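J.: Given next are the chains, with one letter for each unit.
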Amino acid sequence: LAKTTQPISMDSYEGQEVNITCSHNNIATNDYITWYQQFPSQGPRFIIQGYKTKVTNEVASLFIPADRKSSTLSLPRVSLSDTAVYYCLVGHSGAGSYQLTFGKGTKLSVIP
Amino acid sequence: EAQVTQNPRYLITVTGKKLTVTCSQNMNHEYMSWYRQDPGLGLRQIYYSMNVEVTDKGDVPEGYKVSRKEKRNFPLILESPSPNQTSLYFCASSPYPPGLAGEWGYEQYFGPGTRLTVT
Numbered sequence: 007l008a009k010t011t012q013p014i015s016m017d018s019y020e021g022q023e024v025n026i027t028c029s030h031n032n033i034a035t036n037d038y039i040t041w042y043q044q045f046p047s048q049g050p051r052f053i054i055q056g057y058k059t060k061v062t063n064e065v066a067s068l069f070i071p072a073d074r075k076s077s078t079l080s081l082p083r084v085s086l087s088d089t090a091v092y093y094c095l096v097g098h099s100g101a102g103s104y105q106l107t108f109g110k111g112t113k114l115s116v117i118p
Numbered sequence: 003e004a005q006v007t008q009n010p011r012y013l014i015t016v017t018g019k020k021l022t023v024t025c026s027q028n029m030n031h032e033y034m035s036w037y038r039q040d041p042g043l044g045l046r047q048i049y050y051s052m053n054v055e056v057t058d059k060g061d062v063p064e065g066y067k068v069s070r071k072e073k074r075n076f077p078l079i080l081e082s083p084s085p086n087q088t089s090l091y092f093c094a095s096s097p098y099p100p101g102l103a104g105e106w107g108y109e110q111y112f113g114p115g116t117r118l119t120v121t
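Those protein sequence lines, which keep their order, are chains B and C.
If you count by my numbering, then the first sequence holds residues 7 to 118, one letter each, in order.
If you count by my numbering, then the second sequence holds residues 3 to 121, one letter each, in order.
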């Protein structure tokens with residue numbers, strides 16, 4: 007089962023680009039990588055999902071190298087409202103099991 | 003409005019008193035899941051369900067039961083709660099298992115959470 011490792015916390019100033027890296031050394035061939043955002047006292051919210059190379063949507067970009075052992079969530083020009091915990095999630099879809107393992111999350115603090 | 007609802011939102015109970023936390027989704031999703039969230043440990047999956055009558059264990063299933071008799075409902079049952087089950091619980095659903103190979107965009111929709119305290 008693929009486990010994930012992320013930095014516990016990060017600080018950034020408003021307007022800067024933020025990159026959060028997640029390590030998933032044991033990722034399986036069929037696994038996708040998903041990132042969620044969580045504000046205090048709320049359920050997590052989907053940000054982006056990818057399998058390999060680069061994925062971009064209106065909120066973020068996701069970079070996945072060829073070996074897929076890590077992934078990087080990139081948030082362009084963060085604002086105070088981006089202060090949240092960001093989770094990396096790797097889905098395990100082998101042998102009929104669809105268990106999901108979240109990382110412990112990265113607490114991003116955006117500073118004015 | 004498409005949503006996942008949980009009840010109750012807050013619950014304080016005593017050790018050993020059976021309780022059920024309900025979860026319901028109105029999006030006709032196949033996959034449903036329960037998570038607990040504890041400080042420093044992030045989100046951990048308790049149980050998940052691929053469809054009606056199909057459930058399986060997640061990372062931390064001990065002390066919990068689930069059932070999936072209807073597609074929209076996925077209750078979490080604590081037969082004999084203990085203080086170490088004090089936590090914030092989230093229910094989630096998605097059209098199919100998130101991250102399933104060959105498929106894209108199966109994001110999970112999370113409920114608002116249930117804060118449980120067992121004394």
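No lab work stands behind these hints, which were simulated from the structure alone.
Any given hint might turn out to be false.
As the list claims (entries may be wrong) - Cross-link-like lysine to aspartate or glutamate pairs, in silico, EDC-like; alpha carbons within 16 Å at most:
(1) C:Lys20 to C:Asp61
(2) C:Lys73 to C:Glu32
(3) B:Lys110 to C:Asp61
(4) C:Lys73 to C:Glu55
(5) C:Lys71 to C:Glu55
(6) C:Lys71 to C:Asp40
(7) B:Lys9 to C:Asp61
(8) B:Lys60 to B:Asp73
(9) C:Lys67 to C:Glu55
(10) B:Lys110 to C:Asp40
(11) B:Lys113 to C:Asp40
(12) C:Lys71 to C:Asp61
Stated by the list, open to error - Pulled from the structure, derived: some chain C residues nowhere near chain B, Cβ distances all over 12 Å:
(13) Leu13
(14) Val16
(15) Thr24
(16) Val54
(17) Asn86
(18) Val120
Computed from a prediction, not measured in an experiment: that's the story for all the values here.
By construction, the Cβ of each residue, glycine as well, lies at the ideal position given by its N, Cα and C atoms.
J.: Among all the numbered hints in the text so far, which are the ones the structure does not match?
T.: 1, 6 and 12
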